[in-house]
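Sequential numbering from 1 applies to the sequence shown in the numbering used here.
It cannot be assumed that every hint is accurate.
Computed beta-carbon distance windows for the label pairs [as the list claims (entries may be wrong)]: (1) 63 x 42: 14 to 22 Å; (2) 104 x 22: 42 to 50 Å; (3) 11 x 79: 28 to 36 Å.
None of these hints come from the bench; they were simulated from the model. Note that this is a predicted model, so its numbers are computed, not measured. Note that CB positions come from ideal geometry on N, CA and C, so glycine has one too.
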Amino acid sequence: ERQRIAREVHDVVGHSLSITLLHLTGARHALQQDRDVDEAIEALTEAEQVGRAAMADIRRTVGLLADSPSGSAPLPGVEDIATLVERTRSAGLAVRYTQEGDLGRVGASEGLGLYRIVQE
Numbered sequence: 001e002r003q004r005i006a007r008e009v010h011d012v013v014g015h016s017l018s019i020t021l022l023h024l025t026g027a028r029h030a031l032q033q034d035r036d037v038d039e040a041i042e043a044l045t046e047a048e049q050v051g052r053a054a055m056a057d058i059r060r061t062v063g064l065l066a067d068s069p070s071g072s073a074p075l076p077g078v079e080d081i082a083t084l085v086e087r088t089r090s091a092g093l094a095v096r097y098t099q100e101g102d103l104g105r106v107g108a109s110e111g112l113g114l115y116r117i118v119q120e
């Protein structure tokens, strides 16, 4: 079952990246050749939609791998914020993050709320 899920994730990622790259390449060509900006915007919009759909598919599929009884992936918490910040930095965005206090004192629902705020 895990191998099937891994193959499915691989297929979703491979397909989605291929389509996204095609849209991005089309947008770049449209802008380089001084063609209609609307064509580039359309290609970028399509790339965004494909990426969002792929993320949803991957989340659903990876959720099947969780060991939790509900079959869904565990929700992120305050302890995951540092990783989220680092991933965002590695994508080229400037992010300032300071952590103070004991993370163990933050409840699960508050931790999820804080994570979602940082994610936005």
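Okay, the hints, checked on the actual structure:
no., hint, verdict
1, 63 x 42: 14 to 22 Å, "violated, 32 Å"
2, 104 x 22: 42 to 50 Å, "holds, 47 Å"
3, 11 x 79: 28 to 36 Å, "holds, 31 Å"
When the structure is compared with the earlier hints, a violation turns up for hint 1 alone.
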